[in-house]
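Please construct the entire structure, taking both the sequences and the accompanying hints into account.
According to this note's numbering, numbering within the sequence shown proceeds without interruption in unit steps and concludes at 48.
Warning: the hint list may mix true and false statements.
Said to hold, decoys possible - Label pairs and their computed distance ranges (CB to CB):
(1) Arg40 <-> Gln6: 45 to 53 Å
(2) Arg39 <-> Ala15: 45 to 53 Å
(3) Lys7 <-> Glu28: 30 to 38 Å
(4) Lys7 <-> Gln27: 28 to 36 Å
(5) Arg11 <-> Ala36: 35 to 43 Å
Hints are computed from structural coordinates only; laboratory data are not their basis. From the three backbone atoms N, C-alpha and C, an ideal C-beta is built for every residue, glycine too.
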Amino acid sequence: MAVKRRQKAEGRGQEAEGRRQKAGGRRQEAGGRRQEAGGRRQEAGGFHR
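Dropping the structure here:
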């Protein structure tokens, strides 16, 4: 029984790590989108000149 409990605990730990990685990936994507938006703003500013 003890072994099964340990396996379950490890499984939950891995799931938590996977969720953290996904969250981290989303944060990076959001950062990339912000950079893209900043680049578009610069381009728009260039056209006004």
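Status of each hint after checking the structure:
Judged by the Cβ atoms, the range 45 to 53 Å given for arginine 40 and glutamine 6 holds: they are separated by roughly 52 Å. The supplied range of 45 to 53 Å is broken by arginine 39 and alanine 15, whose beta-carbon atoms lie about 37 Å from each other. With their beta carbons about 32 Å apart, lysine 7 and glutamate 28 fall inside the hinted range of 30 to 38 Å. With their beta carbons about 31 Å apart, lysine 7 and glutamine 27 fall inside the hinted range of 28 to 36 Å.
Taken as a hint, the range 35 to 43 Å holds for the pair arginine 11 and alanine 36, whose Cβ atoms sit roughly 37 Å apart.
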